[in-house]
Amino acid sequence: MTKLLSMNRRNFLQASAAGALAGAMPGLIGSPAAAQTALTVGFIYVGPKDDYGYNQAHAEGAAVVKALPGVTLVEEENVPETVDVQKTMESMINLDGATLLFPTSFGYFDPHMLAMAAKYPDIQFRHCGGLWQEGKNPANTGSYFGYIFQGQYLNGIAAGHATKSKKIGFVAAKPIPQVLQNINAFLLGARTVDPGITCQVIFTGEWSLAVKEAEATNALVDQGADVITCHVDSPKVVVETAAGRGAFVCGYHANQSPLAPEKYLTGAEWAWGNVYSGFVKKAQAGEKLGNFVRGGLKDGFVKMSTLGPAVSAEGRKAFEVTQAEMMKGGFSVFKGPLKDNKGDTVVAADKSYAEDAIELESMNYLVEGVVGSTA
Amino acid sequence: MTIEANDPALSIASEKPTSLRPILEWIARRAEPVVIALAAILIGLALFSLFILAVGKSPVTLFQLMYTGGFGSWFSVQNSLSRAAPLLLTALCVALPARLGLVIIGGEGAVVLGGVAAAAMALPLAGTAPVFLTLILMAIAAMAVGGIWIGLAGFLRHYRGVNETISSLLLSYIAIALMNQFVEGMLRDPASLNKPSTRPLPAEYMLGKIPGMDVHWGLVIGILACIVSWIVMEATSYGFAARIAGGNVRAAQIQGLPVGKLIAGFTALAGSFAGLAGMIEVAAVQGSANASLAAGYGYTGILVAFLARHNPLAIIPVAILLGGIDASGGLIQRRMGLPDATVLVLQGTLFIVILFCETFYGRFKIFNPDLWKRSL
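One line per chain: the protein sequences are A and B, in this order.
Under our numbering, the first residue of the first sequence is numbered 1, with each subsequent residue one higher.
Under our numbering, the first residue of the second sequence is numbered 1, with each subsequent residue one higher.
The set of hints was computed from the structure by calculation and includes no laboratory data.
Treat each hint with caution, since some may be false.
Once the Cα atoms are required to be at most 35 angstroms apart in a straight line, the calculated DSBU-like pairs of lysine-lysine come out as [unchecked claim]:
no., chain 1, residue 1, chain 2, residue 2
1, B, Lys-365, A, Lys-281
2, A, Lys-119, B, Lys-365
3, A, Lys-288, B, Lys-209
4, A, Lys-317, A, Lys-136
5, A, Lys-119, A, Lys-164
6, A, Lys-339, A, Lys-288
7, B, Lys-261, A, Lys-49
8, A, Lys-236, A, Lys-166
9, A, Lys-66, B, Lys-365
10, B, Lys-209, A, Lys-49
11, B, Lys-57, A, Lys-236
12, A, Lys-136, B, Lys-209
Using the sequences plus the hints, can you model the full thing?
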C-alpha cells in the first residue's frame, strides 16, 4: 500500500513537474517531456501469467511496458470471461486510475469490454483479436492482432526438414479460423520441403485442457508423427510430452525451448512488447492510438524462436530464405491452386492471398494433406 | 448431556430472572452456528496470515486490501454482489440435496446446459415475442433442463445405486461437451467466427440492472430462491420429510416416506436452480450461450454450500463473503504482486477450518438451550 502510494506520488510529481515545465516553456519542451507523462496501464489475462503460452506472451509484452518511463502497470491473471472481467476493468479504472486497458483474451471483447467502453467513454480499451469494426464499435475501443500463421509456416519448413516419417502432428484447440490458418500454414510450410508430407490434427475442444493435450500428443506420436506443434493456450504439456516421446517440437505463442532444448526446432512467438510499447508511447504523447492495428513478422508483431540445435544446415538455410522473403511483406502462404482435404478447390489457380487478405479471416477448411476434420 | 451442578455456566443461568430465560434460550439455540462459523473464519484468516508472512508479505496490508476491494466503497460492494449473484443459485444446487444426505458436485453441468437451453429457447422468440414472455420461457427451459440433469443423478442414486457425487461430476463433463457441440454446431451464429456462440439476444431482451445499482437482477432472483428454499426446507412437510430421509434413510422408509420421490424431486429442484443460473448468465451477462458459461460457478457453489452448512438462508451472506474475497483478489494481485492462487489458498484454508469446526457443534454447554430453559 505504502509502496503504491509513494509510486503514485512520484508519478504525480513527475507529471505535474513536466506539466508545469511544458506550460512555462512551450517552445522548449516538446515530445521528450510528453513521453514521461504518467499513465496507468491495466493488463488482464484469462490464465496464469507463466503458462509458457498465450498469457505469458502478453505478460512479457506488459513487462516491456512496465520498463517505460512514467508507466504504472497493473495486472490481473486468471480472470474468467464473465461479469468478473467487467468488474476487474472497472476496478482498475476506479481503484487504480488506469486509463488504458488491455483485456487480452479473445472472449473479453463482446459483451464485456464493449459494456465497459460504453460506461467509461474517456478510458481507452484495446483488445487482442481483431474484432473491432468501424462504425459498429465505439471509438475508445480497438483491436490488435498479428499474422502468426506466418510463423507456423516457418515452423512447417523447419519441421519438413526434420521429419523422417513424413508425418507431422498438430494439437489444436478448436476448429476456428485462427487455428485453421495455423494448421494449414504449418503443413504448407512442410510441403515446400516434401510434397508428400501429411499432417494429422487432433482438436481437443478446449483452450486449456492439459490431460487431453497430453493424450492427443501421445496419439499423434503413436501414429508415427515425429514433429509436433500446437495451438492451445499453454503449449507446455504438448512440448514436454512430445519431447519425452522423442519427437521434435515447434513452439507456439511464447518460447518453449527451455522445456525441451534438444528437441525444440523453432517456434512462432508473439512480440507483444513492440505492440504494447507502441500503444503506450502514443497514449503518453497524446496521439490517437489507432482502432485497428495488425501486423506480421515484418511489422514486429510476430517473431521466431532462435533455431534449435536439431535443425540441419539445409533446414536453416531454407528457413532463413523464406523468413527474409516474409520480412519484405506481401508473402503469400496461401496461393492457388489449393484444394481442401475433401478435394474441393478453396483457392483458385490465379489467386494468392498475402498475410492481410480478408479472405483468410473466415477460413473454414483444412488443406489437402491435413488429416482431420473441422466438424 | 448431563450437567454438573457446579458448572459455572449453570450458575450464571440460574442467576438470570425467569422472564429472560425464553429469550436467552432462543439466543443460545441460534448463536451456536453463528459463533462457530465466525470463529472458524477468524481461525482461517489467522492461519492464512501465517502463510502470507511466510511468503514475505504483510497480512495487515492484505486484509486492508481485502476490505477495500470487497466492501470498502459502494463500487466494491456492487462488485462483490455481482460476483455473488450466480453463486447463490449454484450453492442451492448443492445445499438442497445435501439435506437429503446427497453430495451433488455437478452443478456446473446444469449451469451450462441451462444457458444453452435458454439461448435455444430465445432464438425463435427474440425480436417477435414480448420481452417478459421470452424471459419467462427462457427461464422455464433452463430450469427444466438443469432439473433433468441433476435429477438424473438423484434418480440413478436411488433406483440404480450409483454414487451421486461421481455421477453428477461425470454428468457435468458430458454437459460441457454437449454445450460445445451445440454452440459450435446446430446453434452456432455463423457470424461468431473465432468464438463460437449462439446468436446474441437483442439488447432490449436482456435482463437489466437492479434500479440504482450496477448489479443485474440475478442477485434478487438468487436471494428469493434462497428464501423460498429455506421455507420449503423448514416449513413444509416435504422439507421435513427430506430432512428425515437425510438423517436416516432406513428410518424414513420404515415411516413410509416416499424416499425415491423426495430424492428425485429435491435433486431436480436443485438442478433447476443451477439451470436458472445459466439462463441468468445468458440473459444478464453474456447475451449468448458460449464456452464462457463454464466459468466455474458450479464448483464455487459447492464451497458456498458447505460453508453455509447447507442452510439456504446462510448461503446469502456466505456467497456475498466469497464474492467479496473474489473481488478483492484482483486488487491483491495488482497491489501486492501476489499470484491469483493466493485467493485459492485463502478459500481452501477457510473451507478446511470450517469443516474442522463442524466437530465443535454440541461441545459447548453455553449453547445448550436446555441449560437456559431449566428452572432451578
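We went through each hint and held it up to the structure:
1. Taken as a hint, the B/Lys-365 and A/Lys-281 pair is broken in the structure, with Cα atoms around 68 angstroms apart against an allowance of 35 angstroms.
2. Restraint check for A/Lys-119 and B/Lys-365: the C-alpha separation of about 55 angstroms exceeds 35 angstroms, so the hint is violated.
3. Between the alpha carbons of A/Lys-288 and B/Lys-209 the distance comes to roughly 33 angstroms, so the proposed pair stays at or under 35 angstroms and holds.
4. A C-alpha spacing of about 46 angstroms is found between A/Lys-317 and A/Lys-136, which places the hinted pair above 35 angstroms, so the restraint is violated.
5. Straight-line distance between C-alpha atoms of A/Lys-119 and A/Lys-164 comes to about 57 angstroms, which puts the hinted pair past the 35 angstroms bound.
6. For the suggested pair A/Lys-339 and A/Lys-288, the alpha carbons sit about 42 angstroms apart, so the restraint of at most 35 angstroms is broken.
7. With a CA separation close to 49 angstroms, the supplied pair B/Lys-261 and A/Lys-49 exceeds the 35 angstroms bound.
8. As the CA atoms of A/Lys-236 and A/Lys-166 are separated by approximately 24 angstroms, the hinted pair is consistent with the 35 angstroms bound.
9. Between A/Lys-66 and B/Lys-365, the direct Cα distance comes to roughly 58 angstroms. Violation of the 35 angstroms bound is thereby established for this hinted pair.
10. Between B/Lys-209 and A/Lys-49 the alpha-carbon distance is near 33 angstroms, which keeps this suggested pair within the 35 angstroms criterion.
11. Proximity of B/Lys-57 to A/Lys-236 is assessed by CA-CA distance (about 30 angstroms); at most 35 angstroms being required, the pair is judged to hold.
12. Under the criterion of a C-alpha separation no larger than 35 angstroms, the hint pairing A/Lys-136 with B/Lys-209 is consistent with the structure, at around 24 angstroms.
The structure shown violates the earlier hints numbered 1, 2, 4, 5, 6, 7 and 9.
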